[in-house]
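Colleague: Chains as they are written, first to last, in our numbering: chain U, 1 to 306; chain D, 307 to 612; chain L, 613 to 918; chain Y, 919 to 1224.
The hints are simulated quantities; they were obtained by calculation from the structure and are not laboratory data.
Check before you lean on any hint, since a few could be wrong.
Stated by the list, open to error - Cut-off 30 Å, straight-line C-alpha distance, at most; resulting in silico cross-link-like pairs (DSS-like, lysine-lysine):
no.: 1; chain 1: Y; residue 1: K1083; chain 2: L; residue 2: K824
no.: 2; chain 1: L; residue 1: K777; chain 2: L; residue 2: K831
no.: 3; chain 1: L; residue 1: K777; chain 2: Y; residue 2: K1000
no.: 4; chain 1: Y; residue 1: K1083; chain 2: Y; residue 2: K1137
Number of protein chains: 4
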Amino acid sequence: MGNSFGDRFRVTTYGESHGPAVGAVIDGCPAGVAIDMDFVQLQLGRRRFGAPRQEEDVVEWLSGLENGITLGTPLAFHIRNKDARPEDYAHLAHLFRPGHADYTYYMKYGHQPTGGGRASARETAVRVVAGAIARQLMPEVGINTEAEPTLSVTEENDTYGGIVKCRVTGVPAGIGEPIFGKLNAQLAAAMMSIPSAIGFEMGTGFAATRMKGSEYADKWNGLSPHPLTQTNHCGGIQGGISNGMPVEFRVAFHPVVSTPQPVECLHEDGHLQTVGIGGRHDRYHIDRAAVVVEAMTALCLINYML
Amino acid sequence: MGNSFGDRFRVTTYGESHGPAVGAVIDGCPAGVAIDMDFVQLQLGRRRFGAPRQEEDVVEWLSGLENGITLGTPLAFHIRNKDARPEDYAHLAHLFRPGHADYTYYMKYGHQPTGGGRASARETAVRVVAGAIARQLMPEVGINTEAEPTLSVTEENDTYGGIVKCRVTGVPAGIGEPIFGKLNAQLAAAMMSIPSAIGFEMGTGFAATRMKGSEYADKWNGLSPHPLTQTNHCGGIQGGISNGMPVEFRVAFHPVVSTPQPVECLHEDGHLQTVGIGGRHDRYHIDRAAVVVEAMTALCLINYML
Amino acid sequence: MGNSFGDRFRVTTYGESHGPAVGAVIDGCPAGVAIDMDFVQLQLGRRRFGAPRQEEDVVEWLSGLENGITLGTPLAFHIRNKDARPEDYAHLAHLFRPGHADYTYYMKYGHQPTGGGRASARETAVRVVAGAIARQLMPEVGINTEAEPTLSVTEENDTYGGIVKCRVTGVPAGIGEPIFGKLNAQLAAAMMSIPSAIGFEMGTGFAATRMKGSEYADKWNGLSPHPLTQTNHCGGIQGGISNGMPVEFRVAFHPVVSTPQPVECLHEDGHLQTVGIGGRHDRYHIDRAAVVVEAMTALCLINYML
Amino acid sequence: MGNSFGDRFRVTTYGESHGPAVGAVIDGCPAGVAIDMDFVQLQLGRRRFGAPRQEEDVVEWLSGLENGITLGTPLAFHIRNKDARPEDYAHLAHLFRPGHADYTYYMKYGHQPTGGGRASARETAVRVVAGAIARQLMPEVGINTEAEPTLSVTEENDTYGGIVKCRVTGVPAGIGEPIFGKLNAQLAAAMMSIPSAIGFEMGTGFAATRMKGSEYADKWNGLSPHPLTQTNHCGGIQGGISNGMPVEFRVAFHPVVSTPQPVECLHEDGHLQTVGIGGRHDRYHIDRAAVVVEAMTALCLINYML
């Protein structure tokens, strides 16, 4: 289980990194919407930028569209894995790479997927497509990210993480559900589901723990003119519900765990073995993560706004 | 919607802060389990410690138990709000306090709940009861928290936030579902649903963004003897699935937004009005939050472990 | 699990027949609706008519209402079982009555609930309350039943079943979801969840299997004046979606399985034992079932119409 | 919405009758199961028997399998619509055929799908594939149907309905969830979701309404030797939970609504127009329905038995 996101605009994804394709079914898309496929392809292109595998990422649509207009029935699409090279992973058979999901998948499923399987970042291509559809259903919402890779470090023989800041404008007040359906809670789940995500904070976030309450509580401007409050420490959400200010949050991504240097892997039989795992220095890791952050933000919001 | 948590051990909560009671129904509890009610009451007592309202917090059980043994049918309970004092809030009618959910609830529901309604921390008493039941279904799991309130600040006329560190032992490898059901994603949602939560991080968290990949990826110890890895930067979860190491995360809580000083509230008609909102300096804010963190951790895990 | 119905107006029920109370939580009720409690009590009274246990059936509300107006938060209520008499069932300990759920509950849960537990018709009181709330959210919908008990049989020393015909007016065209969310499929599930229900048919139902297609397919009248079609063999639903004609269906109820004569029960140790189980001739079995049919119809429709 | 079935073995289907393909994603299939694809193809072949459109029905698998063994990740597959002929339906543009879902889809979605779209029986091919997978996860369960088409009627210029009897052996006692998750309720929903289904009854069904309680309540045989009861009027389910007897039910199917004779269609502009709609006499309508009944039975049971 665990391959669906959302209840009103429900995306169910599938596909292994080195299988025939990755894809999804979207249930809940309204009828009669003209989809801009160039926008979808643009987002896919942004996600691929500098990607290790140069997939062409052509989206094939199987359902839910007629002449580019949604039918109200499920949207189904897939992207072929034209560049799947399971043989590149032959030397890693029976080995658990450090920091990867090899060991945990093995413990859960009794086997280890080739090339990361569902744990690979390849899977996020599908989310980007779904997110690009969702954004077209909310034209008034603006989702903007700023990638902050750790670029002070220029050592070529290693990998680095970073932070993605996201600012969402155009979310009206009143979006979110109390208690477990809080908008911030759902955003947190959405962001932490992205590969390599390791932290999430709304507004001022962890730094707010060092503030006094008299500083933290955002002071009113009065109802008009906007903005509503003088500061936005809470990130636009109070009690789990949007207040009409921009929704602002940050997502921390740990360094890529496939490093250029050889690493000690754990063999299924218990011994340690040093091998090269094919990682490489990649400046654009966080830029690509930002595209997925945008997509997941859209998938989160659309479930409240349909 | 949004008042249910979990799919296999589903808790549905109800109750306004100043209504007759708060309570919940738990669907999915196995039959034949003897419940230790002293443990439940102990957790409720920990949550109340220093609480502004001195509820007795007596749990009344209406369903699902016979002679203290679960029947397999829904567990239902409530806690009466014996100390509800809606009149304490009369001077706040039509006023939106800064930092509270007054305005957002008003925008969503068209009315403003007395004394915070569902947005009040009162609601968390119910989660503590449900979490105390869940923990008894997983006796091998240990959930320990450390509260780090911002106590360097001793100014009595203000409020402060802090951080709760949580360490969970006894979670076997293989717990979690790929993609959207990742254990870290569900933990994030669970924690961010707690009132005042404003940040979440697994393991090394935001600090990991400043590490090299060669440092970050936890090195193997070999399968035995335990521990599995030399460090635990990932917080015990890889690819959304537990690896058998302790599950470790931190939750940031912003300062209490009811401060002792008078504050400028926004009136429904748009003008600003300065009033006292009855906040007080409270050293135990974060200690109480820690009890709810423990409860939500249990509610999160039980859905994977049943 | 299995104690919730609906996704947009979700009712979660609890309570054993001979426990302290039966009750429910309703998540998804809109804010700002004035609830007519006399109507709720009227429906409860109709359900009790001739009931073996003379509960007063007073509904206590714990959440979601202020001055009789819904808050948008969960509605929670319970009805105390003032007349619970577990001692009446002492002679049935360890015995599985024929036709009852005693044996199946025992096989599922490892114990046998006193007096039927959740399998008792007592549980339907809660559905009647929830249905009475749902109906007030759809004032344009009329739900009418006709009870057809098998009253040609007047033998006082036995029990009988019957049929409930239901006719729903005011359902606009376009209600229902294709494939698994078909309105007729959800109605079928709703009706078959009622104790003693053993058959369900839409419109002409089983008799339609003996018709020619040229007779069965309802002929158009033209779009105006109404009715839309000359006949209503399909019961107002085509492809799982309402067509604006009355929604019509019938539900078959088997005879009450607690009969006045002594019966052979199966003892847990495997021997058969003849005992009296306290059944009685009751002319109003089907009339009461009709009230529950109405409630479940409302609970079914509201999930499409909110 | 409405395109998913099940919570533990969740099938989400997609595809229009005259679009590129029909397909599904199955979430919840365990890892390590060898799938017999010949069995899948056999069931697909049974469903096609005598089908108006001679699709080859080749299943393409995109996810969840490696060397024919399940990975534990989502199974995804589609079947191309090689024989789609939307032009066959050109003369029906803007016309609502009697008895079809043309009008209701139009009212719901604002457009009318070509050739029935999702309402076409073509969609059931996908369910047959999913059901054939589910059956392989329950080798001890036997699902057998008997088709009873109305073949006393031999008039070639019309269409007929019939009844499918289903008998399921090997279901252990204790399968089902009380109240809304009753096995009979879920079977009812599953069966009524099949195109043309118009009635459902468990065991003795509607005929039970004419029995006395003393006849209806199945008499015990004692725990051994089997069978458990002397008769099976209840169809193997009591209180929504299986008792270990065969699960028996019947599904009524109304006549095919595409008849050979020309019929009066309703035009979008309100006038009536007589056209031929291409129906034909087909003896095997009910035989094919029986294959879908078997598939849906498997999909229903697997959600309780995983």
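Colleague: Given the hinted pair L:K777 and L:K831, is their Cα-Cα distance within 30 Å?
Modeller: holds (23 Å)
Colleague: Is Y:K1083 within 30 Å of Y:K1137, Cα to Cα?
Modeller: This hinted pair holds, its Cα atoms lying about 23 Å apart.
Colleague: Against the 30 Å threshold, does the CA-CA distance of Y:K1083 and L:K824 hold or violate the hint?
Modeller: Given that 30 Å is the threshold and the Cα spacing comes to 21 Å, the pair holds.
Colleague: Are L:K777 and Y:K1000 close enough, with their CA atoms no more than 30 Å apart?
Modeller: violated (45 Å)
Comparing the model with each numbered hint stated earlier shows that hint 3 is the single one that does not hold.
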